[in-house]
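Counting from 1 along the sequence shown, just add 37 to a position and that's the residue number in my numbering.
Simulated from the structure, these hints should not be mistaken for lab results.
Certain hints may be false.
To be verified - Below 30 Å or equal to it, Euclidean Cα-Cα: the simulated DSBU-like pairs (lysine-lysine) are:
1. Lys480 x Lys423
2. Lys421 x Lys410
3. Lys451 x Lys373
4. Lys516 x Lys549
5. Lys516 x Lys563
6. Lys537 x Lys521
7. Lys480 x Lys536
8. Lys689 x Lys563
9. Lys782 x Lys534
10. Lys373 x Lys782
11. Lys782 x Lys769
12. Lys537 x Lys373
13. Lys521 x Lys782
14. Lys421 x Lys451
15. Lys747 x Lys769
16. Lys537 x Lys689
17. Lys537 x Lys480
18. Lys653 x Lys421
In this text, all values refer to a predicted model and were calculated from it rather than measured experimentally.
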Amino acid sequence: MLKCRALWRKLAPLTRSASTVCRHNVKSTALKNGRTQVLVPAAHMSTGPAGGGGNENAIYVMLVGAACLGGGAYAYMTVKGDSKRYEERILEISSRSSKQAPESQPLVSPEPEEEAADTSEESIPAAEPPGETESASAEEPVTEAPAEAAAPVVEEEPPAPSEPEATLSEPPPAALESAEPVAEIPPEATEEAPPVVEEVVAESSAPTEPQAEVLEAPLTAVESAAEELVTEAPPPAEPEAVQEAPAEPAVESPPEAEPAAAPESAPLTIPSHAPYLLIGGGTASFAAARSIRARDPGAKVLIVTDEPDLPYMRPPLSKELWFSDDPSVTETLRFKQWNGKERSIFFQPSSFYVKPEELTSAENGGVAVLTGKKVIQMDVRGNKVKLDDDTEISYDKCLIATGGVPRNLQVIEKAGDEVMKRTTLFRKIEDFKSLDSVSRNVKSITIIGGGFLGSELACALGRRSSETGLEVIQMFPEKGNMGKVLPEYLSNWTTEKVKKEGVRIVPEALVKSVIFKDDKLEIRLKDGRQVKTDHIVAAVGLEPNVDLAKSAGLEVDSDFGGFRVNAELQARSNIWVAGDAACFYDIRLGRRRVEHHDHAVVSGRLAGENMTGASKPYWHQSMFWSDLGPDVGYEAIGIVDSSLPTVGVFAKATSKDTPKAATEQSGTGIRSESETEATAISPVASSTSAPIVEHKDEYGKGVIFYLRDKVVVGIILWNVFNRMPIARKIIKDGEEHADLNEVAKLFNIHED
């Protein structure tokens with residue numbers, strides 16, 4: 038276009054002179070032809086002097102006329118288009134001049150492409166050559182533009198040097214002279230106009246004379262940066278725009294930008310999407326989250342729990358916390374292990390977790406816990422869940438670790454509100470706090486249930502009874518404590534041990550009814566016995582929480598309860614189940630459901646690995662343990678059912694064979710945490726038959742083998758600790774052993 042302009046400047050004088058000559062020639066020719074055309078005959082036109090001159094003039098007139106018409110048409114089209122653009126430009130400059138003085142009249146908006154360049158030039162100052170940013174940054178923001186000025190968006194692409202629009206950058210001499218006085222805009226004229234992303238426009242002082250070069254060179258690079266900024270920055274009305282503005286170094290926020298941060302502090306705290314969604318806030322969920330993060334360091338994990346607390350371990354609630362000397366233990370929830378070391382029941386402090394509202398934007402991922410929220414519906418096809426407040430969360434992969442809810446006796450549920458108010462179903466932190474308070478304000482507590490939980494609470498409260506005079510009663514339908522787990526002889530011995538702790542035992546007790554009478558709870562048994570008490574603790578087992586099964590269309594096992602999953606703990610292609618709620622297929626022992634802390638750890642860890650693509654089957658046998666105070670405890674693995682044949686091998690115990698000594702050696706109160714995959718030597722089968730073990734009255738330490746079809750399927754280590762890898766190896770091998778006395782030697786129970 039610049040070449041065309043230079044050519045036009047050269048041809049213009051020639052055109053003007055040619056047109057003058059043309060006018061004179063046409064006039065003279067017309068006069069001559071007018072006089073001679075009638076007088077000269079047609080036959081002599083070719084030879085007469087007048088006829089020859091007439092033909093030459095006519096040809097000249099036609100050529101010059103055609104050239105003039107063509108050039109005039111071209112000039113008319115070009116000048117008409119340029120004049121329109123120049124009028125807009127001059128109007129814009131004049132509007133700036135008017136703003137320079139009173140700033141009372143609305144400004145004419147510049148072209149949007151120049152406005153975008155202004156914003157980007159402030160946000161990305163390094164992209165601008167020195168001396169070139171002033172002319173572009175002098176443009177006014179789009180918020181001041183009238184509606185009609187913003188319409189021609191298509192015409193605002195960066196102009197190429199060869200296109201006619203490049204003539205806009207160099208006005209005609211008259212326009213240039215009028216533009217020079219207003220090219221320098223004072224700072225106050227630009228600072229008062231609010232920009233697109235609430236930024237302050239930079240000052241401008243460069244003259245506009247070299248505008249052709251300035252606008253043609255840097256606008257291409259700057260404009261592209263401006264387009265990126267507009268793409269990334271959300272609209273000013275949304276809170277996210279406030280987040281991105283401070284991140285840019287050259288931005289200064291005006292005072293009115295401060296209140297804009299308020300919507301950011303009150304967004305929804307619940308992420309709308311979680312790559313890894315874990316339902317339930319217990320041990321299994323935490324173990325899965327830790328496993329996911331180990332295999333996928335950038336993973337974003339969201340745990341949703343209906344409890345108000347962060348993930349914590351449950352065993353101390355019925356064990357060590359009751360033996361604490363700290364009067365504020367219900368607030369601190371810190372306890373001393375049998376070895377004297379102190380720790381909290383929480384797996385990690387709150388600083389370990391990411392806030393739920395920050396999970397989506399967390400650069401390195403993390404684990405967030407959404408407390409006090411319950412998942413009430415699950416859409417498997419849509420990969421989303423619905424919370425009790427109607428909030429929906431979508432997911433890529435989901436783990437169901439809802440655990441279980443404590444069972445209650447139907448006779449208690451039907452007894453009325455007064456009985457229910459005086460009954461504790463022990464499971465959570467608030468249950469521990471409530472029962473601790475009750476035990477200090479009543480005279481009698483009755484524990485119904487003889488399993489792990491009931492026996493542990495009986496021993497813990499019995500120890501307190503010696504100090505406060507509290508009467509502790511334990512009743513169960515079996516003949517002795519843990520009668521469904523331990524062989525009868527060991528169950529009877531355990532019962533005597535619990536009695537020594539100050540507990541009144543009521544065996545073979547089947548509750549018929551419970552009534553509230555004379556400020557007392559009266560428990561009537563089917564055999565006619567009656568027990569009066571102030572408070573009841575129902576420890577009669579756990580019911581797996583499968584409320585989501587119906588909405589999710591997941592299968593519940595009719596024999597064991599819980600969500601039915603395969604050996605990889607998978608219920609669907611992107612849904613896993615772990616912990617107490619999982620009814621899984623054990624590749625060694627068949628289908629099972631386990632309700633213990635270590636199983637929650639093992640299954641949660643395995644589910645987390647499989648959620649990240651490991652595809653591992655459940656083969657690591659989980660263990661569980663129970664302590665009847667600091668002096669008697671046991672660890673178990675596999676299927677331990679008193680209805681199975683058992684073989685026990687015992688030895689004399691020493692001072693090292695106690696739970697207290699075991700924790701001193703391992704350094705942890707949760708003994709399963711110290712487990713290692715140590716390689717155990719496979720026992721060699723002997724040809725001798727299994728001996729008949731003569732049980733004595735005192736069982737210091739020993740090993741009890743549970744058999745099914747002559748194969749060991751379960752092992753209890755009675756006051757024998759830190760030998761679990763050996764027991765796991767025996768069950769994993771699945772071999773028949775003719776002499777279990779020889780197998781017991783692998784546990785070194787005869788060492789002093």
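Okay, the hints, checked on the actual structure:
Simply put, Lys480 and Lys423 have alpha-carbon atoms about 45 Å apart, too far for the 30 Å limit, and the pair is violated. Annotation: proposed proximity of Lys421 to Lys410 holds, straight-line Cα distance about 15 Å (limit 30 Å). For a cut-off of 30 Å, the pair hint linking Lys451 to Lys373 is broken: about 40 Å separates their Cα positions. A hinted pair counts as satisfied when its Cα atoms are at most 30 Å apart, and Lys516 with Lys549 qualifies at roughly 18 Å.
At roughly 15 Å between alpha-carbon atoms, Lys516 and Lys563 fall within 30 Å of each other, so this suggested pair holds. For the suggested pair Lys537 and Lys521, the alpha carbons sit about 21 Å apart, so the restraint of at most 30 Å is met. Taken as a hint, the Lys480 and Lys536 pair is honoured in the structure, with Cα atoms around 18 Å apart against an allowance of 30 Å. For the proposed pair Lys689 and Lys563, the alpha carbon gap of about 41 Å is over 30 Å, so the pair is violated.
Of the supplied pair hints, the one linking Lys782 and Lys534 holds, its CA atoms being roughly 27 Å apart against a limit of 30 Å. Proximity of Lys373 to Lys782 is assessed by CA-CA distance (about 33 Å); at most 30 Å being required, the pair is judged violated. Distance restraint check for Lys782 and Lys769: the Cα-Cα separation of roughly 18 Å lies within the 30 Å cut-off, and the hinted pair is therefore satisfied. Restraint check for Lys537 and Lys373: satisfied, since their Cα atoms lie roughly 23 Å apart, inside the 30 Å limit.
Between Lys521 and Lys782 the CA atoms are separated by roughly 27 Å; this keeps the pair inside 30 Å, and the hint holds. Straight-line distance between C-alpha atoms of Lys421 and Lys451 comes to about 37 Å, which puts the hinted pair past the 30 Å bound. Between Lys747 and Lys769 the alpha-carbon distance is near 15 Å, which keeps this suggested pair within the 30 Å criterion. Of the pairs offered as hints, the one joining Lys537 and Lys689 holds, with about 21 Å between alpha carbons and a cut-off of 30 Å not exceeded.
With a CA separation close to 19 Å, the supplied pair Lys537 and Lys480 stays within the 30 Å bound. Restraint check: the Cα-Cα separation between Lys653 and Lys421 comes to about 25 Å, which is no more than 30 Å; the hinted pair holds.
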